[in-house]
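Participant: Given next are the chains, with one letter for each unit.
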Amino acid sequence: MERNGSAISTDRTAKLAPGDVFEKYRGTFYTIIVVTILIIAWYFAANRIQNTLLLPYFQETAWRFFTAWFDYRIMSNLALTLRRVFTGFLYAFIIGIPLGLLMGYSQTAMQAFSPIINSVRQVPIMAWVPLSIIWFGLGDGPTVFLIAVSAVFPLVINTIAGVHGIDPNYYNAARSMGATLPDIIRDIVVPGSLPSILTGCRLAMGFGWMSVICAEFIATSAGFGFLMVEAQVRLETAELYALMIMSGLVGFIIDKGFLIVEKKLTSWRYKDGIVGS
Amino acid sequence: MALLEVKGITKTFTRRKKTPHIVLENMSFSVEQGQYVSLLGPSGCGKTTLLTVMGGFLTPDSGQIILAGNKVEKPGPDRGFVFQNYALFPWMTVKENILYSLQVKKLSQREQKERLHELLEISHLFGSENKYPVQLSGGMQQRVAVVRALASRPEILLLDEPLGAIDFQMRELLQEELAALVEGAKTTVVMVTHDVSESVYLSDRVIVMSANKGQIVKDVYINLDRPRDRQSPEFKGYVSEITELVRQAFSEKAVDIELPSGFAETNVNYNSQASFTDAFNRMSNRYSRVNHGRAAK
Ligand SMILES: Nc1ncnc2c1ncn2[C@@H]1O[C@H](COP(=O)(O)OP(=O)(O)OP(=O)(O)O)[C@@H](O)[C@H]1O
Ligand SMILES: [Mg+2]
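Line by line, the protein sequences are chains A and B. Each residue of the first sequence is one higher than the one before, counting from 0 in numbering that gives the first Met the number 0. Each residue of the second sequence is one higher than the one before, counting from 0 in numbering that gives the first Met the number 0.
If you are wondering where the hints come from, they were derived from the structure by calculation, not from laboratory data. Watch out, some of these pointers could steer you wrong.
[Unchecked claim] Going by beta-carbon spacing under 8 Å, a handful of chain B positions derived as facing chain A:
1) G54
2) F56
3) G75
4) R78
5) F80
6) F82
7) N84
8) A86
9) P89
10) W90
11) Y99
12) S100
13) V103
14) K104
15) V133
[As the list claims (entries may be wrong)] Capping the alpha-carbon separation at 25 Å, the derived lysine to any residue pairs in SDA-like fashion look like this:
16) B/K130 x B/A179
17) B/K104 x A/D182
18) B/K104 x A/G177
19) A/K262 x B/T92
20) B/K94 x A/L180
21) B/K130 x A/L197
22) A/K262 x B/M91
23) B/K105 x A/N168
24) B/K17 x A/Q106
25) B/K104 x A/I165
26) B/K130 x A/P190
27) B/K130 x A/I183
28) B/K130 x A/N171
29) B/K94 x A/N171
30) B/K94 x A/D182
31) B/K104 x A/L180
32) B/K130 x A/I184
33) B/K105 x A/P190
34) B/K130 x A/G177
35) B/K104 x A/I184
36) B/K130 x A/P167
All C-beta atoms in this analysis are idealised placements derived from N, C-alpha and C, irrespective of residue type, glycine included.
Assemble the whole structure, with the sequences as input and the hints as a guide.
Facilitator: Here it is as structure tokens:
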């Protein structure tokens with residue numbers, strides 16, 4: 000949400016006064032403080048415990064973390080995992096959005112599908128692993144499938160919520176101006192549910208990223224999750240920590256990316272057409 | 000022949016396990032070309048229901064609406080509808096909103112441009128055509144809603160409490176704007192309102208409806224020159240005459256209050272200020288939901 004207009008200058012061309020600069024990066028500043036405290040705590044805790052298997056030294060983990068970005072093996076596995084996530088997400092999107100639009104728009108479709116969807120989505124994601132291996136063997140197949148399964152439900156549910164949230168008078172207004180059903184889908188249903196759909200995309204992507212790592216523990220012998228298992232087996236806890244931090248960071252960056260896309264695509268929701276912080 | 004004929008409209012709402020609620024019974028009247036008619040009555044008397052039937056959004060149980068000789072069966076661009084909360088599409092700019100009816104009809108770019116120019120002219124909205132509704136003031140939104148409804152050159156304009164969501168200070172000003180806008184477009188209007196003074200200021204005719212099955216209590220013709228002077232004794236005379244009629248319309252409600260629970264629930268116990276505030280809050284809630292991204296000013 001945007002802040003109160005008086006707190007930040009909303010004019011993009013206006014020069015920021017020093018005070019405003021602080022206002023703008025206030026959140027970042029607090030985050031840095033908290034992270035610094037955590038790092039210091041880690042540093043002293045590791046020195047005290049003196050057991051690198053449980054808690055590696057901060058310096059070593061940090062070193063692993065930074066070198067990891069230049070490590071071909073890690074980067075190619077990360078790329079593989081990202082490709083799986085995006086492929087799985089794409090399948091979920093292709094199935095989830097039309098299904099959500101249909102269920103949101105048509106009462107009949109809702110009645111027909113919702114009991115099925117609501118029971119299938121109660122199955123824990125890890126419970127799909129054995130079946131997905133039977134169906135797809137090992138490798139890309141089961142991981143992509145698991146990502147798609149975990150991403151499809153937030154997409155469907157948020158799309159339905161988006162369609163239901165559309166003011167019924169928008170439909171009436173469109174119909175009174177001569178709009179036909181395809182016009183209404185294109186001009187009312189899709190843009191009206193877009194904010195909620197994009198929120199669904201963010202959630203779906205997050206779920207996908209979480210489940211891919213899990214899936215790679217079991218169903219494959221490559222990928223970022225597999226590297227973690229390897230690090231654990233080789234008792235390289237520092238590398239494991241570094242990989243975990245990386246996976247958190249990558250998920251965070253993907254989420255930020257989606258947030259930016261979301262605000263760009265729904266700028267009509269913001270008074271001055273400028274995206275808030 | 001009259002432009003619009005309302006012939007014996009009856010509409011009953013039935014809810015599960017409850018007594019059917021007759022909202023309108025055998026409602027008839029007609030509207031001449033160029034007339035500005037207000038429907039006035041207590042909350043819940045069926046004004047919106049009647050207007051919705053005219054709009055073609057709701058099918059009556061019996062009776063029919065004839066517009067320019069054709070029976071109304073579904074919504075269409077021959078009737079311009081302005082909704083209680085305006086229902087401007089928040090994801091379209093002012094220009095896209097206004098031209099929506101022409102765009103779905105796939106009129107040529109040139110025609111659209113010309114019509115846009117005319118409509119911006121009568122609504123004084125030049126310079127705002129590329130803004131989004133969230134960036135407009137309440138009064139500007141109202142003008143966009145009216146010219147959007149006028150864009151397809153409808154036979155008649157149907158307004159449901161067009162100023163319902165506007166505070167009292169702004170109201171009179173916007174009534175003047177609305178009067179000028181409608182006069183400029185030379186259109187026929189049926190408007191629903193709660194506000195007696197508003198109906199006298201704007202209308203050629205005020206139809207006072209009763210809470211009891213939407214019966215017409217009285218059809219009052221307002222014979223005053225325009226622009227009207229709210230301070231003139233004649234104006235005040237009309238206002239007090241109609242206020243008295245509305246009061247009468249409420250008292251007919253006493254009959255309903257004795258009825259089973261299904262009725263009592265739907266019929267608001269009327270007290271004009273409370274009911275207005277209530278309706279206002281209801282509308283402004285909806286309104287703020289529509290503009291959910293709107294920042295505090
Ligand atoms: N879809 C519906 N289902 C059941 N009852 C309805 C429905 N729509 C309206 N009603 C009932 O019909 C009655 C008339 O409603 P309507 O909205 O036409 O009143 P109104 O005169 O416009 O009131 P207000 O001034 O408060 O807007 C009310 O008692 C309302 O509860
Ligand atoms: Mg109403």
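Participant: State for each hint whether it applies.
Facilitator: Each hint tested on the structure:
no., hint, result
1, G54, "6 Å, holds"
2, F56, "5 Å, holds"
3, G75, "6 Å, holds"
4, R78, "6 Å, holds"
5, F80, "4 Å, holds"
6, F82, "5 Å, holds"
7, N84, "7 Å, holds"
8, A86, "4 Å, holds"
9, P89, "6 Å, holds"
10, W90, "4 Å, holds"
11, Y99, "5 Å, holds"
12, S100, "4 Å, holds"
13, V103, "5 Å, holds"
14, K104, "6 Å, holds"
15, V133, "6 Å, holds"
16, B/K130 x B/A179, "23 Å, holds"
17, B/K104 x A/D182, "10 Å, holds"
18, B/K104 x A/G177, "7 Å, holds"
19, A/K262 x B/T92, "17 Å, holds"
20, B/K94 x A/L180, "22 Å, holds"
21, B/K130 x A/L197, "23 Å, holds"
22, A/K262 x B/M91, "16 Å, holds"
23, B/K105 x A/N168, "23 Å, holds"
24, B/K17 x A/Q106, "23 Å, holds"
25, B/K104 x A/I165, "24 Å, holds"
26, B/K130 x A/P190, "17 Å, holds"
27, B/K130 x A/I183, "22 Å, holds"
28, B/K130 x A/N171, "23 Å, holds"
29, B/K94 x A/N171, "19 Å, holds"
30, B/K94 x A/D182, "17 Å, holds"
31, B/K104 x A/L180, "13 Å, holds"
32, B/K130 x A/I184, "23 Å, holds"
33, B/K105 x A/P190, "20 Å, holds"
34, B/K130 x A/G177, "24 Å, holds"
35, B/K104 x A/I184, "16 Å, holds"
36, B/K130 x A/P167, "23 Å, holds"
The earlier numbered hints are all upheld by this structure, with none contradicted.
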